[in-house]
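Enquirer: Single-letter residue listing:
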Amino acid sequence: MSRKSKRVCVDVGGTFTDCLVMDETGFLQKFKASTTPSDPSQGFMDAMRKAARFYKLSEKEFIGQIEVLVHGTTLATNTLLTGRGAKTGMLTTKNFRDILEIRRAIKPVNVSLYNMFIPPNRPLIPRCRRLGIDERTLYTGEITTPLDERETAGAVGALKDQGVESIAVCFLHSYINPANERRAAAICNEVAPDIFVTTSHETLPVWREFERFNTTAVGAYVGPRVARYLTSLEGVLKDSGFTGTFLMMLANGLVQDIRECIHRPVFLLHSGPAAAPSGAIHLGRSLGEEALLSVDMGGTSFDVCMVNRGEVPTTTEHWDCDQRIAIKMVDIASIGAGGGSMAKMDTLGLLRVGPESAGADPGPACYGRGTDATVTDANLLLGYVPADYFLGGEMKVDIEASRRSMRPLAERLEIGESDVAEAIFRTVNANMADKITEVSTKRGHDVRDCVMIAGGGGGPIHAGFIAESLGIRKVVVPPVAALYSAFGMFAMDIGQDYARSYVGRAADIDLDSLNVVYDQLEAEALASFKRHGVSAKKVSLKRSIDMRYVGQFHEVEIDMAGGRLTAKKVEAAVAAFGRKHEELFTFKMPWKPVEILTLRLKATTANAPFALPSVGKGGKDPKAALKRRRTCRFKGRDVDTPVYDGEKVLAGNVIHGPAVIEETTTTVVIPEAFVCSVDKFKNYILTRR
Amino acid sequence: MTKISKISKPKIDATTVATVWHSMQTICWEMRHLVDRTAQNYLIGQLHDLSVGIWGADGATIAVPVGLPVQFLGTTFAVQDLVKKFEGNIHPGDVFLTNDPYHGGHNCHLPDWGFFRPIFYKGELLFFTLCRGHQMDTGGSFPGGYFPNGYDIHAEGICIPPTKVWDRGRERTDVVDLILNNVRFPDGVRIDLQAMIGATVMCEKRLTALLDAYGKGTVLACVDEMLKRTERAVREEIRKIPDGVYKAEAATDDDGTVLDEQVWVRVEITVKGDEMTLDFSESDGQRKGFINSVYAATYGNAIAAAILYLDPALADYHNQGTMSAIKVVAPSGSVTNCQYPHTVGASPVNVGNQIMESVVEALSKAVPHRAVAAWGKHRGDYVFAVDPRNGERYVRTSFDYDGSGGAAWGFDGYQGSSSFTALGAAHRGNVEEMEVRIPWRMLKYEFVADFTGAGRWRGGPGIHWEAVNEGSAGQMATGSSDGDEVMGCGVVGGLPSPVCRTYLRRDGEDIRVKPHRLVPVHEGDILIKHSSGGGGAGNPAERDPAMVLEDVENELVSVQAARDVYKVVIDARTLQIDQAATAALRSRK
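Protein sequences, first through last, are from chains A and B. Start counting the first sequence at 1; every next residue gets the next number (our numbering). Start counting the second sequence at 1; every next residue gets the next number (our numbering).
Rather than coming from a laboratory, the hints here were simulated on the basis of the structure. Glycine is no exception: its CB is placed at the ideal position from the N, C-alpha and C atoms. Be aware that a few hints might be false.
[What the hints assert, rightly or not] Capping the alpha-carbon separation at 27 Å, the derived lysine-lysine pairs in DSSO-like fashion look like this:
1) LYS205(B) x LYS580(A)
2) LYS592(A) x LYS444(B)
3) LYS635(A) x LYS11(B)
4) LYS344(A) x LYS205(B)
5) LYS164(B) x LYS635(A)
6) LYS11(B) x LYS344(A)
7) LYS216(B) x LYS592(A)
8) LYS474(A) x LYS205(B)
9) LYS344(A) x LYS164(B)
10) LYS216(B) x LYS94(A)
11) LYS164(B) x LYS588(A)
12) LYS588(A) x LYS205(B)
[As the list claims (entries may be wrong)] Computed, partial: chain A to chain B, Cβ under 8 Å:
13) PHE96
14) TYR114
15) ASP346
16) THR347
17) TYR549
18) GLY551
19) LYS569
20) ALA572
The task is simple: from the sequences and hints, build the whole structure.
Expert: Written out as structure tokens, the structure is:
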């Protein structure tokens, strides 16, 4: 059977490779394989084989049936965070080679001003590999000094001699006129065709050179590794008979053809987690909820994203550790809070949990290799996580090791080991709750009006408690919680993002030229979809415009009407800007003129309809699913708690907290204050009593 | 002061304390974020010349995670005087504005306008929040507020004593108009007032939500606990410092009026048990020139410098608890406690910088393993002229031409950090943004080799900044720059930061411009600033040779300096360390 009938989403995470397949019936099937860090394409193909076996097909048959493959990977993020990127060089405007290092004098983000004891910034490209080239473009686009081609060739040669694998070309004002950057990139390709080249105007064609250069440097740094992986994966798939469309999940929550993103690798940061909010939106829609809080708690980090009215929020203010990344990214806030987060005492005598993580190795104390108390150890001691059914029984854990790990803290705090476990549990929950507050309140939303969607291995354990502390009334744990990002890739619309700088005052804007720019962006978008076989009819185009009051430094993105723009439509956008400004910042200034900075277009085509497998209908009483009873600790008391088997739960069951539901990939803990009802897709819906 | 109130309160668990604590810190960060996103003044919107915080109704410092020490660590005094002055006339929805160093304002200099909002809960005044930032103009003889030779404080700009500008949720428009009528660029300043008041509105909303969530009793008990825990930890830290008296002094090049005569700040630090006293009594007397610091400003800078010597793990948690263990003494009439009507324009930087330098140098003798060297001097200048592209007046201000941070024991100085007195809270701009905004074209913005304090850990690199004036002729005030004569200190054997220079290149000739001057700028003038990095920490001859080699490879240290200063012999051609020659050189006494 060669008919292309399957859509597949694969998310390669740090520990697991998650794969979701939608077949001709429209149902989703879940597959999980271990990630293979040295060559992630192996784990990728393992997951493919598992899926093929399920459908009773050969690997080739299965892969041949894939119509669309969407792929998210942590490779770029991990390359950056672990410092294993390429040896990178930079060609930049002469006399400005230290922009990357001077930065904007920003100490590492979140380092207190009262702390001097921090390592100096180590730019991804050291000074000796940042070479100045005689060239200069002005802010008007005028080139006052053409590129010195001979000097450029010499510099590329010198970098090549140093063993550089990747070059970032970063010239001043290239966002307005990229001619010199283009020519320099061409010379790189002529002189050293094996070197990976990326330019600042392709990466982020907007002004403010530190942000643009640093973003480009990050791309250059992760680029070769990402390109090698993608090229190799593409080859392996092709050899296995893949002929479908291969789309990569991007940081901005949109996708791009694999070929097109190899030259803009920075967009593959957070590929994976960026999809999660789309999953939340899908679930929210089916539940009739609009204000959502998507949370994803894994082994090392807790990701949170506030989703309102079906919109995935984005930001251009992102930092990854010491690196400023200014492309538009899905606005996911992260903190170091996960199953592996370690507990310790600080000098104030307060218990701190995270951000340091025991990771997978040594891992929590109960794995038998480490001795530090972690969140997972606490969860084990509190009875929330079963020692005999850890990952569905695949993994043996040692609860006594967990207990031992609590002892040093118990002595310092002069409390019992279970009390320490509970303190760790409450502290990490408070950290996560804090992050949620920051993300929701920053947007002026009352978190209590939100429904929390809990994903990740740890999310379903902690979500109820976090919700309780924040006053959130409803928590939903989807059946795909443990494959949360892969699910998001399914649920999202396939889309791409386009932007162009356009500076002018709204009151006397030249409507013709404004229309020309939007027309160009739209033509570009439709051409790209056409290449993937999507007709213009199926593409929806959404315009937006960045505005600010004249004099301000930051813009607010406002929806812009479609079709031919008129003065009236621009006025409406200006009025909308005022309202949004007030909503975000508590005030507006109608007497001030408004200026336009960037025109944006988002082109999307709707996701293919799909469904989650449903479960049988049962009564309210869940007793048929009761697996056992176990002592769990809630608010300082040991409570004899019913434990239910997730495989036996039926639609319509109502489970009163305190209770635990054991799934193979996670555990759902229902605090005392919540009642859990099960819907027909086996969403666990926890509602405050 | 450490007790917010004396009524007995429920015992609060540590988790709740931590949660309330972090919530208050987060609120402050959000306040700054709001101003970032909405202000129009380059200094506060982009460069963070801005401070925000939360204080108790009694003035106790509760949350001060982000700001410039000189702008807000001495706010206790202002809150206390404000409460006294407006007794019976403080209501929910009020906003008070002051920029006055005197008359109960306790402010460092006139351009820094502070908006205070009382925060009530169920009719009871519990907290104050402050948002203070450097305005683009504050009136006075020249734009910017950093010019020398003002006759008295009134010549430096409009003096706004604590004044109610919003009354029960309504702007007192006539009062605001009176104020704005006395500054240049009133339209721009009005945006910034909105932004800063907006930040205080946000703070009120968030604090009210926090009080709703936990209850007043619990929140106040948490605050009490926060202050106690900090005080306990800080006193424990001070106890670890050997008892004794530690002295140091630092000077600014001159006071801007009496030229080329240095002005000295001298500190005597007494550590006894778990208390520390910073005594500035031996400093020079207040001056005719504009480098005088009021007590609250001295207090903020001095406390911040001392805090650097406490466990960095406490860095996020300083509050009134810290301050109750550290006393700051500055006699009335001293340059560190000037009196009305003395001018103060340059004082946040000069002598603010000297206050910090003297404290870090003195404490480096007490706690060498936490030694912090001086940073490169602030190299600011203000240019005011006309932009021919739109015919509008502009003021150019920035931190871009500063050098870099000083070393701390164990770490090289941070690159590009601007002005010690901002401790890294202030930011630089972008070249592209500057060229779009004002008629100056950048010619060079790069590190300079061998232009920082050497040491086992060296200062961050010095910077060469150069730009050409493509606008009209105008004037330039080098009021906030310093360091042409006096070097910033190195510590524990580290070398001081080298002297700096400013030149105007006109018709091919370099004209030197000293700090604290007001000079004309012509069309086509090229402004050149050589701004050194900070001081070093530890003996440079003990620097790891591999780090010296890396600096040589990066052209931050010359082969010559590697040999002469760091005692590391490197072959200029192969860039290899000559181990034998290095060992021989280093063993020589």
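Enquirer: Kindly indicate which numbered hints from before are broken by the structure, ordering the numbers from low to high.
Expert: 2, 4, 5, 7, 9, 10, 19, 20
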